[in-house]
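Peer 1: Residues per chain are reported as follows:
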Amino acid sequence: MKSEIKLFENGKRLDGRMPDELRNIKIKAGVLHRAEGSCYLEWGGNKVMVAVYGPREAIPRHTQNPLRAIVTARYNMAAFSVEDRKRPGPDRRSREISKVISEALESVILVEKFPRATIDVNIEVLDAEAGTRCAGLTAAAVALVDAGIPMKDIPVACAAGKINDQIVLDLGKDEDNYGSADLPIAISPRTGEILLLQMDGHLTQEEFDKAFDFALKGCHIISDLQKKAILEKYQSEAGGI
Amino acid sequence: MKSEIKLFENGKRLDGRMPDELRNIKIKAGVLHRAEGSCYLEWGGNKVMVAVYGPREAIPRHTQNPLRAIVTARYNMAAFSVEDRKRPGPDRRSREISKVISEALESVILVEKFPRATIDVNIEVLDAEAGTRCAGLTAAAVALVDAGIPMKDIPVACAAGKINDQIVLDLGKDEDNYGSADLPIAISPRTGEILLLQMDGHLTQEEFDKAFDFALKGCHIISDLQKKAILEKYQSEAGGI
Amino acid sequence: MKSEIKLFENGKRLDGRMPDELRNIKIKAGVLHRAEGSCYLEWGGNKVMVAVYGPREAIPRHTQNPLRAIVTARYNMAAFSVEDRKRPGPDRRSREISKVISEALESVILVEKFPRATIDVNIEVLDAEAGTRCAGLTAAAVALVDAGIPMKDIPVACAAGKINDQIVLDLGKDEDNYGSADLPIAISPRTGEILLLQMDGHLTQEEFDKAFDFALKGCHIISDLQKKAILEKYQSEAGGI
Amino acid sequence: MTIVPSIKRDYLAKLAKNGKREDGRAFDEFRNIEIETGVVSKAEGSARVKIGNTQVLTGIKMGIGEPYPDTPETGVMTTAAELIPLASPDFEAGPPRENAIELARVVDRGIRESQLIEVEKLCIEPEEKVWLVFIDIHILDYDGNLFDAASLASLAALMTTKVPAKRFELGEDYPLPIKEPPISCTSVKFNDVVVMDPSLDEEEIAEVRLTVATDKNEDIRAMQKGLNGSFTRDEIKKVIKASIDNGKKIREQLYKSTGK
Amino acid sequence: MTIVPSIKRDYLAKLAKNGKREDGRAFDEFRNIEIETGVVSKAEGSARVKIGNTQVLTGIKMGIGEPYPDTPETGVMTTAAELIPLASPDFEAGPPRENAIELARVVDRGIRESQLIEVEKLCIEPEEKVWLVFIDIHILDYDGNLFDAASLASLAALMTTKVPAKRFELGEDYPLPIKEPPISCTSVKFNDVVVMDPSLDEEEIAEVRLTVATDKNEDIRAMQKGLNGSFTRDEIKKVIKASIDNGKKIREQLYKSTGK
Amino acid sequence: MTIVPSIKRDYLAKLAKNGKREDGRAFDEFRNIEIETGVVSKAEGSARVKIGNTQVLTGIKMGIGEPYPDTPETGVMTTAAELIPLASPDFEAGPPRENAIELARVVDRGIRESQLIEVEKLCIEPEEKVWLVFIDIHILDYDGNLFDAASLASLAALMTTKVPAKRFELGEDYPLPIKEPPISCTSVKFNDVVVMDPSLDEEEIAEVRLTVATDKNEDIRAMQKGLNGSFTRDEIKKVIKASIDNGKKIREQLYKSTGK
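Protein chains in written order, with the numbering used here: chain A, 1 to 241; chain B, 1001 to 1241; chain C, 2001 to 2241; chain D, 3001 to 3260; chain E, 4001 to 4260; chain F, 5001 to 5260.
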């Protein structure tokens, strides 16, 4: 990450946001017919679709855990979701993201209720523009609720970062490319427990604390949007009767 | 498919054939030692070898169908069968052809007699020159009879097409490359049921009907050659005693 | 293999060795903590690490042999072990070497004692300089003893070859590249039985006999080094009490 | 390898005997179709198509590359389809299986053989540089009849694709040169009844399938028979007729949705 | 997918309650570390690191290739890790699985994001030729805490790497240009106890893992949380503190071992 | 992993004790060999070889490509073998397994190390363009002794190969430049009996295998031991002798079949 480019001027960011301001976020639950739970989320230029299947028997059997369900998140970028066409299929980056999202979701899902089962969380990034792993995890949480999977809490993710020595919330595209640090986190908003945490770049301990505060704040705002989306789904269903 | 090239002149085709004339076809049944049934077929410049194994237990077990046998045709082109060497192994084209041939053969094989079994039909194209899928299916049918697999009928395949606005039977190499439509079909000759049908190119409804008539006619001629080859095999075996 | 380059002059080889002289060999048994048996071997510029696991149940079950253990040697070259970086993972060469080493080791291991089991012999070439298959097999034998796997004998391997029409023992790097024949063998030193034998190049029958004599001689010298390494391991363990 | 659900078969067959389908449609009637274009900002063209609950998204990416040696002055198109596990409990992750390959190849031939894209206008420098067109089909929700949904989404995406000339410093962006689209219509047969635009339930009990692509002149541009059953010649004629009729209506909707 | 060994968990938890670890270490104490460089003659740089019984060998190979179009004047680095079956009865042959990929990517980001290698000095001819740096991590013996061992071995290997200019007829060999190394320290938590440099036993019962890379200015250069447990913010602060403290000592040893 | 069929072993061992083989051959006798060349019109060279019921077809394709950097003036040869499921109920589809790889590599070395193809005459433009020779071995019918059948089919195909210069606008086609072919003969041992040219039954009970390729000067050009049994040195000498003797006869037949 280089920092030569002017990303912050007169107290504002290139896209006009304040340092602690999120991009626009839209969440819609229950958008797919076949999936047991689903969510469509737009976050800035990101567009993400998530479908949840399960709990169902894990196959092949040697992947089963006799004491609890396994959670298999599969983060995938559509070939057309990025500037230069991406070859279809998982690459190393998407496999790592799938792993950390799976682990974060497993922290809150009541996996002990479903021994030998798998819960599959399919995250498709249709349009990508910085912050897709937070967008994917946030949408996945809503889809899990929509699927009726029992969870201790509804997890939520958000990132903070550093641009031109300034700590900012929710890096946008150029900020991600030319910024000097990125700190995506996921939390359980009820308890504040940290479920996902990665950091790339360069932060002093003080900067880390400030970035962490920003990201936490973002998480709580987005958490409200998640709950609103879930409520809307239930209300529309109730209204449909 | 382009049509600029002169493929039809003075009522004849480049290789001297009439519009409704087949290329030369030679069929020989029972040519391999290990296979349970086999057939070697030459059709114009095509050379095809087919070996049938089974019915035998399908492995791995999760591929079994408890009610009937599965038919697995495997169409493969030898690396040296084409002008520019082909990389060994299945490509998308050969996998699609394997699928449509498998489906066509399954229509006539009495699969209900062999639950949990697989019948493997290995089709090797040794020399390729337009029309290999029809050649492969036609040879596969003979090899299945040679293997003693019970069938409702002996399926047979043939194509018709369009060159320079003329409907012709059994496209040859240049006709396939520069013609404007190709219509391969496979039928059950006893009932006239259509087991395989694909069409690429551009046909009016009238042209389609004519091409279909041509292809049907071709099928019936080839059907006789199939039966002759099977008879020869039995006679040579009988003669051997 | 070309022979234009002067590899032998004034009765000596490029590295100063006599025709029947081995490169320096160092063997150390029991160098790894997790492995059930292990060996580190340096042979000229070669550095090889071997770890043995098993006998343990072969998985998946369809790979089991109900009457005896299977021996799975896995010869692998580290990406950094050669001049131009090698892509990680097995290639055709390493798979062939794995096969011939597996077969040679199976000749002496008492596989009947462990039905349904697998004995895994992992051979990692860390630094490569001509003769890695002999180095790998020789180290594997020591690791097997270290793992307590019962064997009829401790196998040992060595190669001879031809450079500038001269038969020599244990080809070095340039000799391997520019020599005109290479004859690696592995034997059971107690009985003289030949467990591995490959030959590339050009040898008259007389030259073959001489090369074979050289390789046998090399095997017996190295066999003593193997036994010394095993003894040292036991003594150091005994000394540790 | 699933066992044909015999109860479902009996139920649908009984309905069909009385001239009915589960969802009240006529035998030769499509479900409701929705076409939305420009749904992915990163793509040069994109469209989301719904046929009933089936939902397919096609995105078009373009790039620059070398032409094939035997066609040095024409652009190159590639079609890929993924039956991603998002869309159905039965789809698995991993490299495309036979069904996805057949789907991609049938859509690809429908576009290629009809010369929909004027690939000869996509040459930048003969033998050196041509435009590449990548057609990527994403199945989002699988409720039957993927062939037609995938084909229609791909047509709509291509018809609204802009060649990204600016990004490659080749002048202004301009619409992808396109000819007349052939419309694909799929029918299946079960218990001697042939129905158009099969639902998932109908597909699961189908014995044989036929896809027919026709153009605005009512000519046939592509056909593909599938599954291990058979058609009579008469049935094929009827399917062609119904495909032409439905094709007309769908073509109109496609034109309207893409502003043509 | 192994079942957590509950007896081991109970035993280690009881010890921890009394402030103890199985091998007598303090909670924030590393095992003994050995660093040996120049262990592979064919490699441009190499190092073998032992942390307790865990043993990792990293080899560096360099070559010449094309730069990425968007960074035409900088060298290219690639990191690969193989959990070869040599190192553990649980590692399998075959393409890298999730664990190996995460390991390689965390080490890679640690080096890349800290700009350890001065890649802008590895340009030979802009847009045409740059140096490629291949970092290959070989796990030889797995007894816990691969992240730190792999990271440290890679640092030591890079710090002793010679650019093989002579082999490519580009003048004399010279040391790979390197900046300050960030030191990676990993902690895990089980039964509300957080321990640094987990042994294999501790890893097997760990609920959550945190790796923190810090530099000599006590700044944070990379973090990675792993496993399906969670940390409180307070625990994270403590882990950062302990990582800085251990990082200092390890950095000294690294400098000494590499002659810097 | 099949269990050695003990009844078959006992039967063949008893026969062998009386100096006999199942099919009446002497221990050092080959089955009948048929060689047919020019069997594939698309190939630059091709041959079908039968040894008893074993049947192998090798096709040669040639193309133009870049030489390896370290041999800028020599052509490139590649050998691939497929144990296609056509040939045996035990062969499976998919990428080549160990047996197919060993087969291809042994045939490849037999050709490469004997310098059969004069690759130094296959340079078109140093460092830029050389002829590529692809040797593709197709097993059609597997009844034992693939090594010798595959090797012989490859020799016959190469000896009748025409360099397709015309297709690449490089003048007239001409025969591939070839030197003296080494003939490969394979023996196996079971119950202390060594037999030449094993049938499938004999292979299935074989403990150890030895392939020896010899030239017309009775020199040894390649050897490969296989399987998990062992030979004594004396047995190896006898196998070499028998391989030279059989090699002579096969060489004569090869010359005759290829018109040399």
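Fair warning: there could be bad hints in the mix.
[Stated by the list, open to error] DMTMM-like cross-link-like pairs, simulated, lysine to aspartate or glutamate; straight-line CA separation at most 25 Å:
hint, chain 1, residue 1, chain 2, residue 2
1, E, Lys4166, C, Glu2036
2, F, Lys5237, C, Asp2015
3, B, Lys1006, D, Asp3023
4, D, Lys3121, A, Glu237
5, B, Lys1086, D, Glu3029
6, A, Lys99, E, Glu4092
7, D, Lys3248, B, Glu1206
8, F, Lys5238, C, Asp2015
9, D, Lys3166, A, Glu57
10, B, Lys1099, D, Glu3172
[Unchecked claim] A partial selection of chain B residues facing chain F, derived with a Cβ cut-off under 10 Å:
hint, residue
11, Gly1016
12, Val1031
13, Glu1036
14, Phe1080
Hints in this document: simulated from the structure, not taken from any laboratory.
By construction, the Cβ of each residue, glycine as well, lies at the ideal position given by its N, Cα and C atoms.
Peer 1: The structure should be examined with respect to each hint, and the outcome stated for every one.
Peer 2: Hint check results:
Restraint check for lysine 4166 (chain E) and glutamate 2036 (chain C): not satisfied, since their Cα atoms lie roughly 43 Å apart, outside the 25 Å limit. This hinted pair does not check out: lysine 5237 (chain F) and aspartate 2015 (chain C) have alpha carbons roughly 33 Å apart, beyond 25 Å. Note on lysine 1006 (chain B) and aspartate 3023 (chain D): the hinted pairing is violated, with a Cα-Cα distance of about 52 Å set against a maximum of 25 Å. With a C-alpha separation of about 51 Å, the suggested pair lysine 3121 (chain D) and glutamate 237 (chain A) falls outside the 25 Å cut-off, and the hint is violated.
As the CA atoms of lysine 1086 (chain B) and glutamate 3029 (chain D) are separated by approximately 44 Å, the hinted pair breaks the 25 Å bound. Between the alpha carbons of lysine 99 (chain A) and glutamate 4092 (chain E) the distance comes to roughly 19 Å, so the proposed pair stays at or under 25 Å and holds. Between lysine 3248 (chain D) and glutamate 1206 (chain B) the alpha-carbon distance is near 19 Å, which keeps this suggested pair within the 25 Å criterion. Pair hint lysine 5238 (chain F) plus aspartate 2015 (chain C) does not hold up; C-alpha atoms about 36 Å apart against a cutoff of 25 Å.
Between the alpha carbons of lysine 3166 (chain D) and glutamate 57 (chain A) the distance comes to roughly 51 Å, so the proposed pair goes past 25 Å and is violated. Between lysine 1099 (chain B) and glutamate 3172 (chain D), the direct Cα distance comes to roughly 44 Å. Violation of the 25 Å bound is thereby established for this hinted pair. The beta carbon of glycine 1016 (chain B) comes no nearer than 19 Å to any beta carbon in chain F, farther than 10 Å, and the hint placing it at the interface is violated. Restraint check, valine 1031 (chain B) versus chain F: the minimum CB separation of about 9 Å is within 10 Å; hint holds.
Hint on glutamate 1036 (chain B) holds. Least Cβ distance to chain F is approximately 8 Å, under the 10 Å limit. The restraint placing phenylalanine 1080 (chain B) at the interface with chain F holds, with a minimum CB-CB distance near 3 Å, inside the 10 Å limit.
In the structure shown, a violation is registered for the earlier hints numbered 1, 2, 3, 4, 5, 8, 9, 10 and 11, in ascending order.
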